[in-house]
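Line by line, the protein sequences give chains A and B.
Mind the numbering: the first sequence is residues 1067 to 1226 in the numbering used here, read in order.
Mind the numbering: the second sequence is residues 2 to 291 in the numbering used here, read in order.
Please note: incorrect hints may appear among the correct ones.
[As the list claims (entries may be wrong)] Selected chain B positions facing chain A (in silico; Cβ < 8 Å): (1) 124; (2) 127; (3) 159; (4) 168; (5) 173; (6) 184; (7) 190; (8) 196; (9) 204; (10) 252; (11) 253.
In case anyone wonders, no lab produced these hints; they're calculated from the structure.
Just so you know, even glycine gets a beta-carbon here, dropped at the ideal spot from N, CA and C.
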Amino acid sequence: MLFFVALQLAVNAKRGMVFSPFYHFGMYAAPVKPVLSYPIATITVGNDTLRGSDFSPQGWDKIQYNLYMVWKSRCDTAFYQDQVFTLLHKYGLRTPPKSLYVNNLSFEERLENYKNTVGRLTGKIDSTITISRTAYRYYAGKFLPLQELLPIPEISELCR
Amino acid sequence: MPLTQKNRSGFTTLWLLLFYGLALYKWMEGQWLYQVDPVFFFPRHDGITWLFMETGFHKTLIRFPFLFGMLDLLFYGFPLFFAWFRWIAPQRTLIAALIWLIINWVYVQAYCLFPTNSIEAQIAWLLFPLLFATKSLNGFYLMMHGLRYYFLFFFFSAGIWKLVAGGAFEPLQMSGILLEQHKDWLLYAGDYWQAKLIRQLIEWPLAGFVLYWIALLIELIFGIGFITKKLDKLLIVFFIGFLAFDYLIMRIPYFEVSPFLLTFWYSRHEQPEVQTIKKEFYPLPGNHLA
Chain A
1067 MLFFVALQLA
1077 VNAKRGMVFS
1087 PFYHFGMYAA
1097 PVKPVLSYPI
1107 ATITVGNDTL
1117 RGSDFSPQGW
1127 DKIQYNLYMV
1137 WKSRCDTAFY
1147 QDQVFTLLHK
1157 YGLRTPPKSL
1167 YVNNLSFEER
1177 LENYKNTVGR
1187 LTGKIDSTIT
1197 ISRTAYRYYA
1207 GKFLPLQELL
1217 PIPEISELCR
Chain B
2 MPLTQKNRSG
12 FTTLWLLLFY
22 GLALYKWMEG
32 QWLYQVDPVF
42 FFPRHDGITW
52 LFMETGFHKT
62 LIRFPFLFGM
72 LDLLFYGFPL
82 FFAWFRWIAP
92 QRTLIAALIW
102 LIINWVYVQA
112 YCLFPTNSIE
122 AQIAWLLFPL
132 LFATKSLNGF
142 YLMMHGLRYY
152 FLFFFFSAGI
162 WKLVAGGAFE
172 PLQMSGILLE
182 QHKDWLLYAG
192 DYWQAKLIRQ
202 LIEWPLAGFV
212 LYWIALLIEL
222 IFGIGFITKK
232 LDKLLIVFFI
242 GFLAFDYLIM
252 RIPYFEVSPF
262 LLTFWYSRHE
272 QPEVQTIKKE
282 FYPLPGNHLA
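Work out the full structure: start from the sequences and follow the hints.
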């Protein structure tokens, strides 16, 4: 019991790094204010834009969250270099090979696989799937487009 | 009334029902590993995950996707096997439970390395094999309360963090969270009832802020469980309400932590007395004559 308490408190004191099953349960704890611009990805299958209300939360996550993770997975090298290698090296511990932290598939292949998944989920395997990203402003219950198209997020934006 | 073998069996049965109910729900939502069929991974800031990655198993899984289905079979099949094994060989429960523990840890570590779910939602599967590993009724009682304390801490600390990090003092907090959480969903949700509800909360920040504080107070109320077990039934109601609203407003299906509710339901039983334990596990000479 004391061991448990000590580990849990240590994880809470040292924010960031955790050791399963001792976590830092701080979700939505930091202040989150509405902002002026929200970049939103729109996925179109054939001529149809995917609508969140047609999917369960898990189904929608497979579309939007997975897309975000495909983008974010470009951070794998930076994660290894800046987090794993730096931290373990600092404490004089053996550093694991980089290959264990870096994905084998290229970013383009991961994106292609994502599109295949979306095709499977929507039952339109042969349709063209396009992804666009636009900045919106939320005003009076609606999202109003601020500009036409945004590029996919930069690595520097994702790998914080 | 002290905890009995009958209570333990009841706990196990309910746990199995919950586990397989959730397994069915996850299968219907396409959340089993073979259904997710991941092709890439992304690590977390978790020392245990880094240890797991040392084995390279996550890359083996991606190389041989049929292993996803094998892992699903082990993860979803083992609890039934364990229940059967405990019935036929109760003296060897510990070994079976340790195997179960390893299966669950490997499964959860792999599952959460792929973009599927947060590992915090999987804590029940990481910890409950420890409860079923216990041989004596007293051990079961103590482990069950250990898990209860873990869950209390989970909720209570979530409330404390909202105070410490400052979210609780930001009047536009809930509007900001809802916009961030649902922006892509709201954009094309039209007049869907849930979208209307969420928009109302965004545009009426006071209502959202009050809701945030209600959630925060519910989390803090769990701290009372450290002092007394008398309010555990009330905590169950709060927790079910919390889960329902988490799904309704945040669209977060956090149902997989629900097995912890059983520790609150059975906490009303007292610690089994030593004599009871002896009678149940180590029959005393002459007891059968009584």
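These are the hints, each one checked on the structure:
Given hint, residue 124/B at the interface with chain A, holds; its Cβ is 6 Å from that chain's nearest Cβ, closer than 8 Å. Look at residue 127/B: its Cβ gets to within about 5 Å of chain A, closer than 8 Å, so that hint holds up. For residue 159/B, the interface hint holds, the least distance from its beta-carbon to any beta-carbon of chain A being 4 Å, beneath 8 Å. With a cut of 8 Å, the hint placing residue 168/B at the interface with chain A holds, because the nearest CB-to-CB distance is about 5 Å.
Look at residue 173/B: its Cβ gets to within about 5 Å of chain A, closer than 8 Å, so that hint holds up. The restraint placing residue 184/B at the interface with chain A holds, with a minimum CB-CB distance near 5 Å, inside the 8 Å limit. A hinted interface residue such as residue 190/B counts as satisfied when its beta carbon comes closer than 8 Å to some beta carbon of chain A; here the least separation is about 4 Å, so the hint holds. Interface hint at residue 196/B: satisfied, since its Cβ lies 6 Å from the closest Cβ of chain A, which is below the 8 Å cut-off.
With a cut of 8 Å, the hint placing residue 204/B at the interface with chain A holds, because the nearest CB-to-CB distance is about 6 Å. Contact between residue 252/B and chain A, as hinted, is supported at the beta carbon level, the nearest pair being about 4 Å apart and thus within 8 Å. A cut of 8 Å between beta carbons decides the hint on residue 253/B: the least distance to chain A is about 7 Å, and the hint holds.
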